[in-house]
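Asks: We have chain F; now place chain E onto it with these hints.
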Amino acid sequence: MNWKTSDGGWNPYLAGALLGVLAVVSVLATTRILGKTSYLGTSTTFVRAAGLLERTASPDQVAANEYYTKEKVKVDWQFMLVCGVFLGAMISSLTDRSFKFEAVPPAWAERFGPSAVKRAGGAIVGGIIAMVGARMADGCPSGHGLSGMMQMSVSAFVALAMFFGFGVLVAHFVYRRRQQ
Amino acid sequence: MSTEQMLGLGTGIIFGFLLQKGRVLRFEKQIGAMLLKDMTIFKFMLSAILVGMVGILVLSQAGTISLSHKPMNVGAVLLGGALFGCGWAVMGYCPGTSIGALGEGRWHAFFAALGMILGAALYARLYPFFKATVLAWQDYGKIGLPEALGISPWAILPVFFAVVIAVFVWFEKKNL
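From first to last, the protein sequence lines stand for chains F and E.
Following our numbering, the numbering of the first sequence begins with 1 at its first residue and continues without gaps.
Following our numbering, the numbering of the second sequence begins with 1 at its first residue and continues without gaps.
With the rest of the complex left out, here is chain F (with noise of 0.2 Å):
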């Protein structure tokens, strides 16, 4: 086994142990300096995301919302969780140059062909079906992957199972069909 991958890329066993550690380390941090335990999670910040961009059209709409409420619309410690990972994401690519600029996934244009609109609608589309996904099940691959399953969570068992279930179903449909 190499420490490297042929793509310039850490060996995945490495870099999702240092990922373990990490988490450890935030439910530390966040517990003794915020006094408040956080877990790594990701797509609640999409509903604070939205939230924000909303209330700048219309303010009333957005505090009469029982959901935005609940969720409350502000920049958070997720919220900035979630801008570091862009930073930290350029920061490593860019260092090793894997960095670039891409308007199709190969893979999407081996299927669907080059067409940029056409990969956007799809995105948007998987996007927001998955993001009411998310947000029924409380949680998407990080909150109930990783964070969940840490845990030794039910719900999180429960949720991979059905991500990665109809994501294998829906995938072979998608994907496959004109390579057979």
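Hints are computed from structural coordinates only; laboratory data are not their basis.
Predicted model, so just to flag it, every value in this text is computed and none were measured.
Ideal Cβ placement from N, Cα and C applies to all residues, glycine included.
Among these hints, one or two may not hold up.
Just the calculated beta-carbon pair ranges, DEER-fashion [unchecked claim]:
1. P59(F) - V163(E): 48 to 58 Å
2. I165(E) - K118(F): 38 to 48 Å
3. A148(E) - R32(F): 23 to 33 Å
4. V164(E) - R111(F): 28 to 38 Å
5. L149(E) - R97(F): 47 to 57 Å
6. V168(F) - L149(E): 20 to 30 Å
7. G63(E) - F112(F): 48 to 58 Å
8. T56(F) - P128(E): 21 to 31 Å
9. Q61(F) - W137(E): 21 to 31 Å
Replies: Frame of chain F; chain E shown alone:
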């Protein structure tokens, strides 16, 4: 910036750095896992879970931190999980990886993030309906596997490790 925001930003930078180094931000890796051809994201994720599970268990048993389970709401987790899986396959990203992919220049991920913001706004509108229907079916509350099975978490830990390591061995044998 408040201390809370700075801590979040710092943690996120390392999180994004590791996601990028693990090469799990690629559309190809996400779809590769769903087509059962490339298990990089599972090697990465399960390794994080193994290490995290030990750390969280030790700290929570010592009383240093508290657990924060998400509720086992049957309708929410089953239907929501299924919807997420469908969207994930089409989009090729999950929420965190879409933002990371944007950071490594894959700007098509912007549309994935845009779709998810729209999805969140839609969910905020549909919430009263879901609350009265799907979310109201059956809720077992915030439970962990140890309480649900009535066994010690220290007994679950080695079993989980054994299963995951067997899966890793299988991945390597099959070159996934």
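Asks: If a hint holds in the structure, say so; if it does not, say that too.
Replies: These are the hints, each one checked on the structure:
1. P59(F) - V163(E): 48 to 58 Å: Cβ of P59(F) to Cβ of V163(E): about 50 Å, so the range 48 to 58 Å holds.
2. I165(E) - K118(F): 38 to 48 Å: Holds, since I165(E) and K118(F) (Cβ atoms, about 41 Å apart) stay within the stated range.
3. A148(E) - R32(F): 23 to 33 Å: holds, 30 Å
4. V164(E) - R111(F): 28 to 38 Å: holds, 32 Å
5. L149(E) - R97(F): 47 to 57 Å: holds, 48 Å
6. V168(F) - L149(E): 20 to 30 Å: holds, 27 Å
7. G63(E) - F112(F): 48 to 58 Å: The hint (48 to 58 Å, Cβ to Cβ) holds, given that G63(E) and F112(F) are roughly 53 Å apart.
8. T56(F) - P128(E): 21 to 31 Å: holds, 24 Å
9. Q61(F) - W137(E): 21 to 31 Å: This hint holds: roughly 29 Å between Cβ atoms.
Comparing the model with each earlier hint shows no violations; every hint is respected.
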